[in-house]
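Given the sequences, and given the hints that come with them, work out the whole structure.
Below, each chain spelled out in residue letters.
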Amino acid sequence: MRALLFERKIAKYAAAAVAGRLAPGRGAKVGPLHLADIDEPELPGPGWHRVRPRLAGICGSDLATVDGRSSRYFEPIVSFPFVPGHEVVGELDDGRRVVIEPVLTCATRGIDPACDMCASGNTGNCERIAYGHLEPGLQTGFCRDTGGGWGLTLVAHESQLHAVPDALTDEAAVLVEPTACAVHAVQTSGVAEGDVVVVLGAGTLGLLTIAALRKLSLPGTVIAVAKHPEQRALARSLGADVVAEPGEVRRAVRRTTRSLANGDVLTGGADVVIDCVGSSDSITDSFAVTRPKGRVSLVGMAGSTTVDLTPLWHKELQLAGTYAYRHEAFPLAFEIAAEANLERLLSATYPLDRYAEAIQHAAEAGRRGAVKIAFDLRTERRR
Amino acid sequence: MAPNNSVRHGRPGFVLEVDRSTPPTLFWHGEGFRLEKLPVGSRVIYAPEPVTALKDPDGAIRHALLNPLGDSKPLPDLLTPGMKLTICFDDISLPLPPMQKPDIRQMVIEAVLDLAAEAGVDDVVLLAALALHRRMTDAELRHALGDRVFDAFAPSGLLQQHDAEDPSKLMHLGATEAGEDVEINRRAAESDLIVYVNINLVAMDGGWKSTATGLSSYKSLRHHHNVKTMQHSRSFMDQHRSELHSSNWRMGKVIKDAGIKVFQIETTLNNDTFPDSFDFLQKREWEWGPRDRASFLAVSKTLDRTPDRLKRGIFHGIKAPHRMTSVQAGEVEAVHAVTTENVYRQQLVQVEGQTDVLTMGLPYISPYNVNSIMNPILVACLGLGYFFNLYRNKPLVREGGVVIMSHPTPWAFHPVHHPSYIDFFEQVLSETTDPLEMESKFEEQFATDPWYIHLYRTSYAYHGVHPFYMWYWCAHALQHLGGVIIVGGDPRSVRRLGFKPASTLRDALEMAEDVVGRDPSITHLHNPPLFLADVR
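Protein chains in written order, with the working numbering: chain X, 1 to 383; chain H, 1001 to 1536.
It should be emphasised that the hints constitute simulated quantities derived from the structure, not laboratory data. Mixed in with the good hints there might be a few duds.
[Claimed, not checked] Estimated spans, in silico, between C-beta atoms of each pair:
(1) X:ASN262 x H:ASP1077: 52 to 62 Å
(2) X:ASN341 x H:GLY1317: 53 to 63 Å
(3) X:THR310 x H:ARG1492: 27 to 37 Å
(4) H:GLY1353 x X:THR267: 54 to 64 Å
(5) X:ASP308 x H:LYS1283: 38 to 48 Å
(6) X:THR379 x H:ARG1492: 33 to 43 Å
(7) H:ARG1241 x X:ASP308: 51 to 61 Å
(8) H:PRO1307 x X:THR267: 27 to 37 Å
[Unchecked claim] Output of the computed footprint for chain X on chain H, the stretches with three or more beta carbons under 8 Å from beta carbons of chain X:
(9) 1420-1429
(10) 1444-1455
No residue lacks a Cβ here, since even glycine has one placed at the ideal position from N, Cα and C.
Now the structure itself:
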């Protein structure tokens, strides 16, 4: 079958890192990702199904991988070569459409009894992602055995499958997995009724977090920080009350919360900040605009970064990462996808053989007025 | 002839019709200039030349204090030992540019203080009538009042600046027949006499506006600094058609009825605006001599190579050679009637008929950016608030016409002077440019923001609500015009203001034709020096 394959080739990885630093997304042209004819993945055991991806999104973590920017933290929990792609709407052999919940939990790995995290429903925090009868891999799309959404076939355990309602288009369904991340971010952020909440970043995850905030909580004011005009318009339409540009965030939060300021740092600030960027600048801004004893949820994948933690210490902030989701996030994500008309966030699709172009488009999405870029595998010829 | 009158020696204002031999017209362009070739048939309105100044301003001041207008007694008769006297004076927004030493305020206040001393008055406070403007720095106060006055009053705390956000320093006097709250400075209200020292640069200044606005609070100001008032002031330079004027006069009645005595001293200036090195700015282009052309070239070339910050420093260092043309004192309304005539004597220019397109070059300074940055909101206010309203009878530009302004309009703000302007630009203008909508949706939030209030009271910041007032000042023009174009401005800033950017005047005129039709009539406001168009 045809698939984009990511191989462990140190020289190419280094080339991708250099190219990716020069221009985001350029790692696809020179790095270890390439289009290949490979064998379909084997079904690892009972309860597993073949899934033919229909649409597969390109995520920020995929871009980091392609551009050689991923943290070395991931090395023991991925297995090479792998087919990327974990935002997937596909169809089973019987034609039913499904969205994949990509986290490879104890259930998928045949581990019984399940680890404490899986047993308590916190499957995103599975403690056995490098164990069991599958090769290591934190998710489908990072595991050698399962395949991924950027190929014509992957395999998924029945615990990973979520049926797609007939009324939901593929274009909306491909947004369900990142929406589940947003649901989880909101559910773990501790937003109370009337809170001022700041969402930093208005890429896919930031926009979906705004939609999830409106669906699942009762914030008083949602302040979105968006860099590009299309992002600002979408943020507002998805429920942001105030939309500011990145350089304006401190002033926007100050005037909304009627805070005073000590230099650049607010004396008060937002109750909750959800950082969907994960850069040094965004984390610094998060600390600056959160009120004392407020909470910062780090949703964007931060990687290795340098941040002054003094405000975290002085204001006694809570900083918590949020990764993936619990299984129950998916039904809510389906509801949001339908109600918020999320298919409008899918800006462009590409065939696999134009992958370099697709990845570059995804890397430059905001600047080019786009949000989500995906591969369209519905028209790919199967061998 | 009374010594407080001067005679005209300069030529009156003039309306030039551009023909093929007309040299290019000088447009102000912020801290710089543009020479523009206006289409044949365009009109250029030039200000009257400076009225001859009073030969003996000190004598004229003393004469005014001893020979008051209206039903006022001479000032010495109002001064008694043991009385409480507050001398209020106009703030940094007047005159423009700041005048060369000695400032008129210094001259008048020294004369008043001499009389107070002669009368044995020892409870005297000097009070800068800031309203919601920024506080003046010590250097600015020293320039306005002179060393002698500053050194006598400032160290002992007797030189004060009005604080519209300290409830303990305000007194509510009641409401007008229209229900407008009148709240003014408590020290002034509790004084046995307020002496108000005014500089009347334009016809809007002075009269009851001095005390009813200059010494008031947001609670009081909001009754006339609002969209409805500005849309019904046509123009606010014409007191007979100005709702702003009417509201201040109603408030003046409340002040008077509360038993507060005001001895008003008003002064007018000639429009000798620029020093010798910028003499070409005072002249009509076809009358430029070799020296003017050389000066223009030298200044322009130098400015082209000068960083913005330095350019700003050069221009804000200009001190105008303004001279006093009249001084009158006594009862507020009687004084102001004479003052207004003296302003008209210097500034009125007769203009026949309206125009389709009005062009204007905006200079580096407005009342609210002295020693500061002319941010985009102030650009809009200077063009559409002040210059557009420099008319009597009818606006210079017809209804549905277009205003073309020339200014770099940088996305730049003075962080100390204009903090709420930054927020206004980022939040309010990105949502709406409709004055009514922003008034209902955002004004109160900004007016009561504790951070802005803190900065207004303790730093040198304009009040949080001030940028709204700047935009309301444009409300009449925004309602009247079919379009606004800014030539040579930062396109992002211009679009944020809701206007259209053009890179050249030619482009702007072509764009204007889309609104007003082909071959429009064009009139250029050659301003400053200031004038007031009497449009027939």
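Worksheet item: Does the Cβ distance between THR310 (chain X) and ARG1492 (chain H) fall inside 27 to 37 Å?
Response: Roughly 34 Å apart at Cβ, these two residues keep to the hinted range, so it holds.
Worksheet item: Do the Cβ positions of ASP308 (chain X) and LYS1283 (chain H) conform to the proposed distance bound of 38 to 48 Å?
Response: violated (58 Å)
Practice prompt. Using the Cβ atoms, figure out if ARG1241 (chain H) sits within 51 to 61 Å of ASP308 (chain X).
Written response: holds (59 Å)
Practice prompt. Evaluate the given range 52 to 62 Å for the C-beta pair formed by ASN262 (chain X) and ASP1077 (chain H).
Written response: Check passed, 54 Å falls within 52 to 62 Å.
Worksheet item: Could one say that the CB atoms of ASN341 (chain X) and GLY1317 (chain H) fall in the range 53 to 63 Å?
Response: Hint holds: Cβ distance 58 Å, inside 53 to 63 Å.
Practice prompt. Using the Cβ atoms, figure out if THR379 (chain X) sits within 33 to 43 Å of ARG1492 (chain H).
Written response: holds (41 Å)
Practice prompt. Go ahead and decide if the range 27 to 37 Å is satisfied by the Cβ distance of PRO1307 (chain H) to THR267 (chain X).
Written response: Because 35 Å falls inside the window, the suggested range holds.
Worksheet item: How does the Cβ-Cβ distance of GLY1353 (chain H) and THR267 (chain X) compare with 54 to 64 Å: does it lie in that range?
Response: holds (58 Å)
Worksheet item: Do three or more residues from the region 1444-1455 of chain H put their C-beta atoms closer than 8 Å to C-beta atoms of chain X?
Response: holds (count 6)
Item to complete: Would you check chain X against the region 1420-1429 of chain H, counting CB to CB pairs closer than 8 Å, and say if three or more residues qualify?
Response: holds (count 4)
When held up to the earlier numbered hints, the structure conflicts with hint 5 and nothing else.
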